[in-house]
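Position chain B against the provided structure of chain A, taking the given hints into account.
Number of protein chains: 2
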Amino acid sequence: MTVKVGLVGTGTVGGGCIDVFNAHTADFKTRYGIDVELVRVCARTSEGAEAHGVPELYTHDWHNITTDPEIDVVIELIGGTTTAKEVVCEALENGKHVVTANKALLAAFGEEIEALAAEHGCWLALEASVGGGIPIIGPLKHSLTANEITSILGIVNGTTNYMLTRMAAEGMSYEDVLADAQEKGYAEADPTADVDGLDAAAKIAILASIAFNTRVTQDQVHAEGIRSITTADLAAAADMGYCVKLLASASRTEEGIDVRVHPAMVPLDHPLAMVNGVYNAIYVEGDFVGQTMFFGQGAGSHATASAVMGDVLEIARHVQAGTAPVQENTYADTLPFVSTDDLVTRAYIRFKVEERPGILAAMSAVFAEHGVSVHSVIQRGQNEADTAELVYVTHSAREGALRATLDDIAKLDHVLVDPDPTLIRVIK
Amino acid sequence: MTVKVGLVGTGTVGGGCIDVFNAHTADFKTRYGIDVELVRVCARTSEGAEAHGVPELYTHDWHNITTDPEIDVVIELIGGTTTAKEVVCEALENGKHVVTANKALLAAFGEEIEALAAEHGCWLALEASVGGGIPIIGPLKHSLTANEITSILGIVNGTTNYMLTRMAAEGMSYEDVLADAQEKGYAEADPTADVDGLDAAAKIAILASIAFNTRVTQDQVHAEGIRSITTADLAAAADMGYCVKLLASASRTEEGIDVRVHPAMVPLDHPLAMVNGVYNAIYVEGDFVGQTMFFGQGAGSHATASAVMGDVLEIARHVQAGTAPVQENTYADTLPFVSTDDLVTRAYIRFKVEERPGILAAMSAVFAEHGVSVHSVIQRGQNEADTAELVYVTHSAREGALRATLDDIAKLDHVLVDPDPTLIRVIK
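The listed protein sequences derive, respectively, from chains A and B.
Per this note's numbering, residue 6 is the first one in the first sequence, and the count goes up by one each step.
Per this note's numbering, residue 6 is the first one in the second sequence, and the count goes up by one each step.
Next up, chain A with everything else stripped away, as it sits in the complex (with noise of 0.2 angstroms):
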């Protein structure tokens, strides 16, 4: 038999895949056995489906791919949680299999689409929401089951990390290499998802479903973006033998979970270090397996098709031979979250104040009164005007402690909040 797909979305993943086929369908059957076939595509106009030599397969109407009773399985492509989920609910209702790269989707709605894809026997096949072509999904669903993940730390975000990479080699300033990353297409016209690190959250929400057997949603991760960082801050990061990247976190304690997003120092000798530009790179700890890291290109057309395809070619040998899904995780261990004030880490500080008698004083008790110890402290830079810029590091300290301590802070006379205190945790 002829395994049948559908594609719903054309842009840079969708011709991604519609490449590979063009490139492989033969191979696939030669070397797997797997006989696959794209049979149609959709998108709001033609061009993708003519850009990438398939003119003949274009439907302007999705709804021609999801009920199509020819169609084994259904690659949504679109992104975006609103038609993206009639899309591939009318799939999975319609019997279809599902493969996605809908991130957003799967952190908000995974557990409603994996009981309509349960409920209909279909597999929903995910490899592509996290980390582009990276092979992480398979890995945490298949060989590391042996494990209790303990702990997963990962960069997940290309375009901001492609940003801290250029800010840290040149000099460039936030807004600049923003510009630059919108101009190449690694960043969207509204940056938000990618800059305030909602993107690496919903990502991270997916991965600790599955490493803690938990359902998390992407509203229920902290999330910092990278806003706020300066070149400033990567100079005296790499001063300290540190570089700046926005983590992508979750560790499982005595007392529940903690997954969170925010900008962090790595020391240089961490593998995450060498992790730059569009790279993205997942750590994953285990009980038995110890440490393991997995690398390669976040994002991309053929990369993170590369990932689709892959779950395509899974599902189209299951389906030829006939075997119905097999259960993967029960997300039945519900674990709690755990407040973050009691977590521990080291941080930096960056203040902005006008340069007055007393500042200085009136900011280390302030760092006193919260039980804040202080390793450093120095002022960076030259400022226009009066102002100066105070970089803190401090010695392991409580969370809520160190959030008092900034809230604290910018009560205090002459400490300009234009911009804001910026926090960078430290991690070993």
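Treat the hints with care, as some may be off.
Identical copies look the same in the list; a pair holds intra-copy or inter-copy alike.
Listed below are the simulated DMTMM-like cross-link pairs for lysine to aspartate or glutamate, each with C-alpha atoms no more than 20 angstroms apart in a straight line [said to hold, decoys possible]: (1) Lys34 to Glu153; (2) Lys146 to Glu333; (3) Lys416 to Glu374; (4) Lys146 to Asp32.
Calculated directly from the structure, the hints in this document are not laboratory data.
Relative to chain A, chain B alone:
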């Protein structure tokens, strides 16, 4: 139903598998709905069974596992290609699924054993045979199937990587570090399989077979080990901005495939350069995914047990669901091996010579005669009597020309052949 597992071999990895059962059997049921039970373990003595708390499961005779109608899955962890082959074959002939970490067995008899598994409708799983705990077989067989894999470059032998790391970091001699590795249990009393690159050759044969869909056996892999590497070579590499790693590589060219193991100089900014100690990493390049890397502990009790037990759980899932094995590789591509003579590489070559007038000129003439262009030549270190070490770094040259140069120079008067000249390829 409960999927019943028998374990043959209770040494380092086998003991780790018992630990996984002890730690997580209940979790597997609640987390994944997988119901597995370790019902019998076999070894030459009951020591392992006792040490890991399951003396009641011990049997002295492996036939009690391979022929027991109650047992569904057999784990083979005794190593070697004699009794291990009998265990695996008898298990398959009795309809039992097999999980093995035995790279030597698979790299020699993979075709025969896979055919037997297919004939009896059994799963044969081998994640643990390469890279210890690192998920690499799974990603190659599943997540990355949409790609034509163009190359694999791996540090897949933890023993030699540990030795090279310590030699470079501490200036320890080959002999001292080998003795240390043997004492720590990282190296066998007979270290041949590790230090001569045979273990790495078996592993890259397995990876190349999957990646190129072409049967590659260990004896088809050109292997050079690390016996001739000295601390002087490592110091010279560092001066040049490189480190020395024992690399297992498999590349696809227009003419065919090249699969080999040899020490190589790796630039310090290459991701493989940061893989130190007993860690392993496998760098995989595909036509769609681009560059990916998989990193983790390449050996050790618990890390390797993670891979073995991941396979056991995956099989158990399918056995419970009543699904038969699906076809993976057909191995139908049957790509030819390219002649390594025509491959082009830069090289580091060290000769030991007696200091005599004209020796440098004579050596230069041999390089010129074979069309090998020399980038630099330096004399290193202080030697006894009137001998000197000459270190050449060449421009890109054909392997055939490099080997002919080495052979002809070794024939010159005053060039010493004990130790042999050292050739280390320099990778980009």
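Now the hints, each set against the structure:
no. : hint             : in the structure
1   : Lys34 to Glu153  : between (37 angstroms within a copy, 13 angstroms between copies)
2   : Lys146 to Glu333 : both (7 angstroms within a copy, 19 angstroms between copies)
3   : Lys416 to Glu374 : within (14 angstroms within a copy, 79 angstroms between copies)
4   : Lys146 to Asp32  : between (27 angstroms within a copy, 14 angstroms between copies)
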